[in-house]
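Q: The whole structure should be built from the sequences, with the hints applied where relevant.
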Amino acid sequence: MRARPTARLRAYVTAGLVGLGAALAVGDPGPALIGGALLGLAIAGLAGRVTPTMSARLDQIPSSMVEGGEYRITLQLESDRPLGSVYVEVGLDGMDVTSTEGGRLVGGSTLFIGSKDRVAEAVINVSPTGWGRSEPGPITVHSDSLLGMFHLRHIENHNGHIVVLPEESTLKRLLSPLETNLHVGELVSTRRGSGSEFADLRPYQHGDDPRAINWRVSSRARSLWVNERHPERNGDIVLLVDAQVESGTNTEFVVDRSVRMAATLLRAHGKHHHRLGLVTLDGFCRWIYPGMGESHRRRTMEQLMAVTPGKVMWEAAERAVVRAARRPAMVIALTSLLDPNLAGLIHSMRRSGMDVSVIEMDVEPALSPPTDEARSLGRRIWRMERERLRDRLASEGIPITIWGAGEPADVPVARLEQWRTSWRRRLG
Amino acid sequence: MAATARLSAALAVLLDVALVLSVPTSKGSGLGALVGGVGALLLAAGLFLGISASVTAAAVALVLQLAIVSALPVALSPPLWAQALLIVLIVEFATASFAARSHPLDPVLLVVRAVGTAIVVSGVVQVMDLLLEGAVASGVLVRAVGVAALIVAGGWVTLIWRRSNPSDA
Numbered sequence: 001m002r003a004r005p006t007a008r009l010r011a012y013v014t015a016g017l018v019g020l021g022a023a024l025a026v027g028d029p030g031p032a033l034i035g036g037a038l039l040g041l042a043i044a045g046l047a048g049r050v051t052p053t054m055s056a057r058l059d060q061i062p063s064s065m066v067e068g069g070e071y072r073i074t075l076q077l078e079s080d081r082p083l084g085s086v087y088v089e090v091g092l093d094g095m096d097v098t099s100t101e102g103g104r105l106v107g108g109s110t111l112f113i114g115s116k117d118r119v120a121e122a123v124i125n126v127s128p129t130g131w132g133r134s135e136p137g138p139i140t141v142h143s144d145s146l147l148g149m150f151h152l153r154h155i156e157n158h159n160g161h162i163v164v165l166p167e168e169s170t171l172k173r174l175l176s177p178l179e180t181n182l183h184v185g186e187l188v189s190t191r192r193g194s195g196s197e198f199a200d201l202r203p204y205q206h207g208d209d210p211r212a213i214n215w216r217v218s219s220r221a222r223s224l225w226v227n228e229r230h231p232e233r234n235g236d237i238v239l240l241v242d243a244q245v246e247s248g249t250n251t252e253f254v255v256d257r258s259v260r261m262a263a264t265l266l267r268a269h270g271k272h273h274h275r276l277g278l279v280t281l282d283g284f285c286r287w288i289y290p291g292m293g294e295s296h297r298r299r300t301m302e303q304l305m306a307v308t309p310g311k312v313m314w315e316a317a318e319r320a321v322v323r324a325a326r327r328p329a330m331v332i333a334l335t336s337l338l339d340p341n342l343a344g345l346i347h348s349m350r351r352s353g354m355d356v357s358v359i360e361m362d363v364e365p366a367l368s369p370p371t372d373e374a375r376s377l378g379r380r381i382w383r384m385e386r387e388r389l390r391d392r393l394a395s396e397g398i399p400i401t402i403w404g405a406g407e408p409a410d411v412p413v414a415r416l417e418q419w420r421t422s423w424r425r426r427l428g
Numbered sequence: 429m430a431a432t433a434r435l436s437a438a439l440a441v442l443l444d445v446a447l448v449l450s451v452p453t454s455k456g457s458g459l460g461a462l463v464g465g466v467g468a469l470l471l472a473a474g475l476f477l478g479i480s481a482s483v484t485a486a487a488v489a490l491v492l493q494l495a496i497v498s499a500l501p502v503a504l505s506p507p508l509w510a511q512a513l514l515i516v517l518i519v520e521f522a523t524a525s526f527a528a529r530s531h532p533l534d535p536v537l538l539v540v541r542a543v544g545t546a547i548v549v550s551g552v553v554q555v556m557d558l559l560l561e562g563a564v565a566s567g568v569l570v571r572a573v574g575v576a577a578l579i580v581a582g583g584w585v586t587l588i589w590r591r592s593n594p595s596d597a
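The listed protein sequences derive, respectively, from chains A and B.
Okay, so the first sequence: first residue is 1 according to this note's numbering, each after it adds one.
Okay, so the second sequence: first residue is 429 according to this note's numbering, each after it adds one.
These aren't lab readings, by the way, just hints derived from the structure by calculation.
Given the structure is predicted, the values throughout are model-derived calculations rather than measurements.
Careful, some of the hints might be misleading.
What the hints assert, rightly or not - Partner residues aside, some chain A positions facing chain B, computed with beta carbon under 8 Å:
1. TYR12
2. GLY19
3. ALA22
4. ALA23
5. VAL26
6. ASP28
7. LEU33
8. ILE34
9. LEU41
10. GLU89
11. VAL106
12. THR110
13. HIS142
14. HIS151
15. TRP215
16. ARG220
A virtual CB, placed ideally from N, CA and C, is assigned to each residue, including glycine.
A: This is the structure in C-alpha cells:
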C-alpha cells in the first residue's frame with residue numbers, strides 16, 4: 001500500500017510547534033499545553049505508522065451477464081497485517097450494487113469492511129444497468145494508519161472483461177429463411193430427401209429405401225410408389241446492424257434499440273439451431289461468418305456489445321456485407337435508414353438474389369419538434385423522402401417494417417413474417 | 429462533492445467560527461479573534477477550493493489566537509480543554525472532508541473518530557493543566573505523578589530488558 005501524510009498530520013505538527021513557540025514568546029503555558037498535546041498526537045500517529053502489503057481481487061465474475069439480472073461477485077482481501085477498517089472501491093461501472101454481504105455499502109460501489117483478520121471476503125450483489133462490453137475498473141483499497149496520520153491506498157487492476165447482454169425480449173414468431181442450408185435443423189426444406197415431413201409420391205426406382213414404399217397407394221396403383229419427404233434443415237441468418245448516427249445527438253438511442261433487437265434475434269434464432277452471422281456497421285465495419293456453437297455465439301454477442309455509434313465507411317461496409325452474407329443466408333437489416341447508402345446496399349443485396357428483410361428503427365421520437373413553418377415544411381419533405389425510400393424497397397420485394405418506440409420486439413418481427421408469408425403465397 | 433464531504437466541511441467551519449466568536453475582545457484581545465477569524469476564512473476558502481493546507485492554517489491561527497489571548501490580562505474563554513477539543517474537532521472534520529472527496533466515508537465512523545480523538549486530547553490538556561496548577565500551588569501532585577511515571581518507566585525498561593535476554597529470565 002502507498003502511504004501519504006494527511007492534512008491532519010501536517011496540521012497537528014505545525015500547530016503543535018507553533019503552540020510551543022508561542023508559549024515561549026508570550027510566557028504562558030496555555031499554548032504549550034495544547035501544542036504539546038497536538039504534537040503528542042502526531043508523534044503517536046507517526047510511531048504507529050505501518051504500511052501493510054495487500055492484495056485485492058474479484059472472484060466469480062460471470063463473463064456474460066444480462067441487463068437487469070442479479071449476479072454475485074466475491075471480493076477477496078488479503079494483507080500481511082490485520083486489516084482493520086478499510087474502504088474498498090470496486091470499479092463496477094454500469095452496474096448497481098444491490099446488496100452486500102461481509103461489508104457495508106457506504107456509497108456507489110464502495111464497501112466498508114472492518115476485520116481483525118488478515119483475510120476478508122465480501123459478496124457484492126450487482127445488477128447491470130445497461131448492455132455493453134466493459135472491463136471492470138481497478139479495486140482501490142483505502143485505509144488509514146494509526147490516528148489517521150497517513151492515508152494508505154492500494155490499487156489493484158483487474159484483468160478480463162464483462163459482457164452485459166441486453167434484457168431478453170420474448171419473440172412469439174421468428175422469420176423463416178426462404179432457403180435452407182445442408183445442416184440438420186428445424187426448418188422444413190423445400191428440397192426432397194430424408195426427413196419426417198411428407199412432400200410427394202413418385203414411382204419406385206431402383207435403389208429406393210423399401211421403408212419409403214407407400215403400400216396403400218402401391219396396392220391401389222398395382223405398382224410400387226414411394227413417399228418423398230422434405231428434410232429438416234437449418235438456415236443461415238445474418239444480422240446487419242446499422243449504427244451510423246450522428247454521435248452526441250438524441251438519435252443514439254436508435255443504436256441502442258438496434259442492438260437490443262439484434263441480441264433478441266440472435267438468441268431466439270440460436271435456440272432454433274440456425275447458423276448466425278453478424279455485420280456491424282459503425283466506425284469499424286466488422287463481420288462474423290454464419291456459424292454455430294457456444295464459442296461462436298459468445299463471439300457474436302461480444303461483437304454486438306462492442307457496437308458504438310459512428311460514421312460508416314461505405315466501401316468497407318459493402319465488402320463486409322458481401323463476405324458475410326452469401327446465399328442461402330437470410331439477411332435481417334436493423335437500421336434507422338437515415339443514410340440512403342444503406343438503402344443502396346440493401347438494394348444491391350436483393351438484386352443479387354439475397355433474402356433481405358428490413359426492420360426500421362423509428363427515429364421520430366428522438367427529433368425535436370419543428371419550431372417554425374420552414375422547419376415544419378422541411379420535416380414533412382424529409383418524411384416523404386423516407387416514405388419514398390421505403391416504397392422503393394418494398395416494390396423490389398424487400399419486406400420492411402417500422403419498429404415503433406413503444407412496441408415490443410415481437411411486433412415488427414410478426415409483421416415481417418406476415419409480409420413474407422403473403423409474398424410467398426403470391427409468388428406461388 | 430459528496431454529502432459527507434460537504435457536511436464535515438460545514439461542521440469544521442461552523443466550529444471554527446464558534447471558537448473565534450467565543451474569544452473575549454476586550455483589552456486588545458480582539459487581535460487574537462482577528463487572527464482566528466483569518467484562519468476561519470482561510471479554512472472556509474480552502475475547503476471550498478480543495479486546498480488541504482488550509483487545515484494547517486486554521487489550526488495555527490487558532491493556536492496563535494490562544495497565545496495572544498493568554499498573553500493579555502483577560503479571562504480565558506472558552507477554557508483550555510474546550511479550545512483543545514474544538515481545535516481537534518475542526519482539524520478532524522476538515523481532514524475528513526478532504527478524505528471524503530476521494531472516496532466515500534462512513535459518516536458515523538467519521539464522527540466517532542473525531543469526537544473520540546478530541547475527547548482524548550482535551551482530557552490530556554485538562555490533566556496537564558491541572559498538573560501545572562498543582563506544581564505552581566504545592567508541587568505535591570507533580571512529585572506524585574513524577575514518581576508514578578518513574579515506576580512505570582522503570583518497569584517498562586525491566587520488561588524490555590528481560591524480553592531481550594530470555595536466558596537470564
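Q: State for each hint whether it applies.
A: Structure-based check of all given hints:
Below 8 Å, beta-carbon pairs count as interface contacts, and A:TYR12 has one with chain B at about 7 Å; its hint therefore holds. A distance limit of 8 Å between C-beta atoms decides the matter here; for A:GLY19 the minimum to chain B is near 4 Å, and the interface restraint holds. With a cut of 8 Å, the hint placing A:ALA22 at the interface with chain B holds, because the nearest CB-to-CB distance is about 3 Å. With 8 Å as the threshold, the beta carbon of A:ALA23 comes within range of chain B, its nearest partner Cβ sitting at about 7 Å, so the hint holds.
Evaluation of the A:VAL26 hint against chain B yields a held restraint, the C-beta minimum of about 4 Å falling below 8 Å. Contact between A:ASP28 and chain B, as hinted, is supported at the beta carbon level, the nearest pair being about 4 Å apart and thus within 8 Å. Interface restraint check: A:LEU33 against chain B, minimum CB-CB distance 5 Å, threshold 8 Å, status holds. For the restraint placing A:ILE34 at the interface with chain B, the shortest Cβ-Cβ distance is roughly 5 Å, inside the 8 Å limit, so the hint holds.
Hint status for A:LEU41: holds, given a least beta-carbon distance of 6 Å to chain B, under 8 Å. The closest approach between the C-beta of A:GLU89 and any C-beta of chain B is roughly 6 Å, which is under the 8 Å cut-off, so the hint is satisfied. Interface restraint check for A:VAL106: the shortest CB-CB distance to chain B comes to about 5 Å, inside 8 Å, so the restraint holds. Restraint check, A:THR110 versus chain B: the minimum CB separation of about 4 Å is within 8 Å; hint holds.
Because the smallest distance between the Cβ of A:HIS142 and any Cβ of chain B comes to about 5 Å, under 8 Å, the interface hint for this residue holds. Interface hint at A:HIS151: satisfied, since its Cβ lies 7 Å from the closest Cβ of chain B, which is below the 8 Å cut-off. With a cut of 8 Å, the hint placing A:TRP215 at the interface with chain B is violated, because the nearest CB-to-CB distance is about 81 Å. Hint status for A:ARG220 relative to chain B: violated, with the closest Cβ pair at about 86 Å, above 8 Å.
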